[in-house]
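Sequence lines, in order, name chains R and X. According to this note's numbering, the residues represented by the first sequence are 16 to 257, in order. According to this note's numbering, the residues represented by the second sequence are 16 to 257, in order.
What the hints contain is simulated information worked out from the structure, not anything from laboratory work. Don't take each hint at face value.
Stated by the list, open to error - Per the computed footprint, the stretches of chain X lying under chain R, defined by three or more beta-carbons under 8 Å from a beta-carbon of chain R, are:
| no. | stretch |
| --- | --- |
| 1 | 48-62 |
| 2 | 86-96 |
| 3 | 202-211 |
| 4 | 245-257 |
Treat the numbers as computed from the prediction; the structure is a model and nothing was measured. Glycine included, C-beta positions come from ideal geometry on N, C-alpha and C.
Number of protein chains: 2
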Amino acid sequence: MRAGDDLAGLIAPHVRDGDIVVIAQKVVSKAEGQLRALADVEPSAEAIALANQHDKDPRLVQVVLDESAEVIRASHGVLICETRHGFVCANAGVDVSNSGDQGVAVLLPVDPDASARRIRAAIAAPAGAASPVPDASPVRVGVVVSDSFGRPWRLGVVDVAIGAAGIRVLDDWRGRTDSHGRELHATEVALADQLASAADLARSKDSREPIVVIRGAEQYVSAADGPGAAALRRPREIDLFR
Amino acid sequence: MRAGDDLAGLIAPHVRDGDIVVIAQKVVSKAEGQLRALADVEPSAEAIALANQHDKDPRLVQVVLDESAEVIRASHGVLICETRHGFVCANAGVDVSNSGDQGVAVLLPVDPDASARRIRAAIAAPAGAASPVPDASPVRVGVVVSDSFGRPWRLGVVDVAIGAAGIRVLDDWRGRTDSHGRELHATEVALADQLASAADLARSKDSREPIVVIRGAEQYVSAADGPGAAALRRPREIDLFR
Chain R
16 MRAGDDLAGL IAPHVRDGDI VVIAQKVVSK AEGQLRALAD VEPSAEAIAL
66 ANQHDKDPRL VQVVLDESAE VIRASHGVLI CETRHGFVCA NAGVDVSNSG
116 DQGVAVLLPV DPDASARRIR AAIAAPAGAA SPVPDASPVR VGVVVSDSFG
166 RPWRLGVVDV AIGAAGIRVL DDWRGRTDSH GRELHATEVA LADQLASAAD
216 LARSKDSREP IVVIRGAEQY VSAADGPGAA ALRRPREIDL FR
Chain X
16 MRAGDDLAGL IAPHVRDGDI VVIAQKVVSK AEGQLRALAD VEPSAEAIAL
66 ANQHDKDPRL VQVVLDESAE VIRASHGVLI CETRHGFVCA NAGVDVSNSG
116 DQGVAVLLPV DPDASARRIR AAIAAPAGAA SPVPDASPVR VGVVVSDSFG
166 RPWRLGVVDV AIGAAGIRVL DDWRGRTDSH GRELHATEVA LADQLASAAD
216 LARSKDSREP IVVIRGAEQY VSAADGPGAA ALRRPREIDL FR
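In isolation and in its complexed conformation, chain R is listed as follows (with noise of 0.2 Å):
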C-alpha cells in the first residue's frame, strides 16, 4: 500500500451490502501518505530529553510528540499520549514496524472518520464506475479503521476503532429494561470496538492481512454514516484516569 493507492476499489470487489470492513489503521495511514522519514525530524530539546530517559529514538519521540495533545504517562519506556483527536494510546499510535522502510514513521490517519466516510463512499460507488449499471443500488457497507490499544490493568492490547462510518457505534441501553423489567443503567456497549476486536481474531499478525470482511452483522450496519469512533472517546470530565 502506497500514498494515493485506492484501497476502496481493493475492497469492492470482495464486499457485499450489509457486509462491515475492518481495515487496519497502517494502511489507511500508508494510502493517505500519512509518513514521516525519521531523517527529516529535528529533535528538540523535550524530545532528547525524554528519548534519553525512555532509550527511544529522539526523532521518533520527536514525531510522538507532534501527533499528541498530552503526554499522560512516561514510563518504562512507554509513553502513553493523548493523540490529537483525543485518543489516548501508546506513542499516540505512532509505529515504525511493518513500514516497509526502517526510517519511516507511521502516524494515524489525520481524521480517521472523515476515512473511513470517504472509503464507505467509495465503496459504494466506485471510481471506476462512470456509466453505473441502471437500477443498481449501490452497495452499503459498515467501515471500521482499527488500531491495536494496550489497556491499564489488563496485559495485551486488542483491535479498537479509531474510525468508523455507517455502524452503530455505541448500543446504548439505558433507560432501557432488562429481561426481568428493571431499568438497565450505565450500559452501552461499545459495539465498534467490538468489531475491531472481532476482526482482529481472523487474521494473523504476521499474515499480511490488513483487511477483514465481518458477513452477518446486519444489525450493526446503519444508513447513516453516524456519529463515527469520535463518539467512543470518553470526555474528560467523565474521566477517572487522567
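Using the hints provided, position chain X relative to the given structure of chain R.
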C-alpha cells in the same frame, strides 16, 4: 439458572470438538450460588460513608467492599475496584440487575478460571455418561467466562475474559518478526478478551442469551487448560494507572 444447576450439561448437546463456549459471568455465578441477599448485609461505617457520598445503597457498597482488595477510584457514583482476583472493574463486578430478585447481589465467581476448567471438563465427560460410548473421543472445547467492563478514556463497555480454560489467552509475538523480518516488540494480543468481545456481538443484552458458541476458531483452542484469564492481569509494577 439457579444454584446447583448443571451449566455444562445444558451446553454439552450444542457443542462440537474445537468450539469455544463463551459464558456470561452472571449465569456462572448463579449456578455456583454466588449471591448475597442485601437484607442480610450489615453495612460498616465506611460503606455508609461511601454510599452517602456516591448516592448508593450502603448494603450494596458493603458487598462491593467485601469483594474488593482495593478501591481504586470513587467518583461520579462509580466505585472502580480491584477485586480479590486482581481484576479492576466497576463495583468489583457486583451486579444487581438481572438477578431475578431486586434485593440480591450477584458476585463474581470465587475463581472464574476454576469455573471455566470445571465446565470444560464436564463438557468433555458429561456427568450422566456412566458408561461412555467405547472409543468415543472427548469433546475438546475452549471455555471463556465473560463480563462487561468499562475502560478509561473510551466510552462503552466491552466484554472481556475473567475466566478461561482450553484457549490461548495471550498471543505473544514478542521476539518474533513481522512480514518485513523486523522484530515485533511489545505485541502481545489479548485473544481471550477479543473472543469475549466477538461473542457479545452475537447476542442482545435483553435477550437472555448468556451463552455463545464460537465455531471455526479452532486455532485458539488448546489441549491443556492453560493459564486462564489470570494471565491477563497486568502486574501492579508495570501498571502506570494505579
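Any of the earlier hints contradicted here, and which numbers? 1
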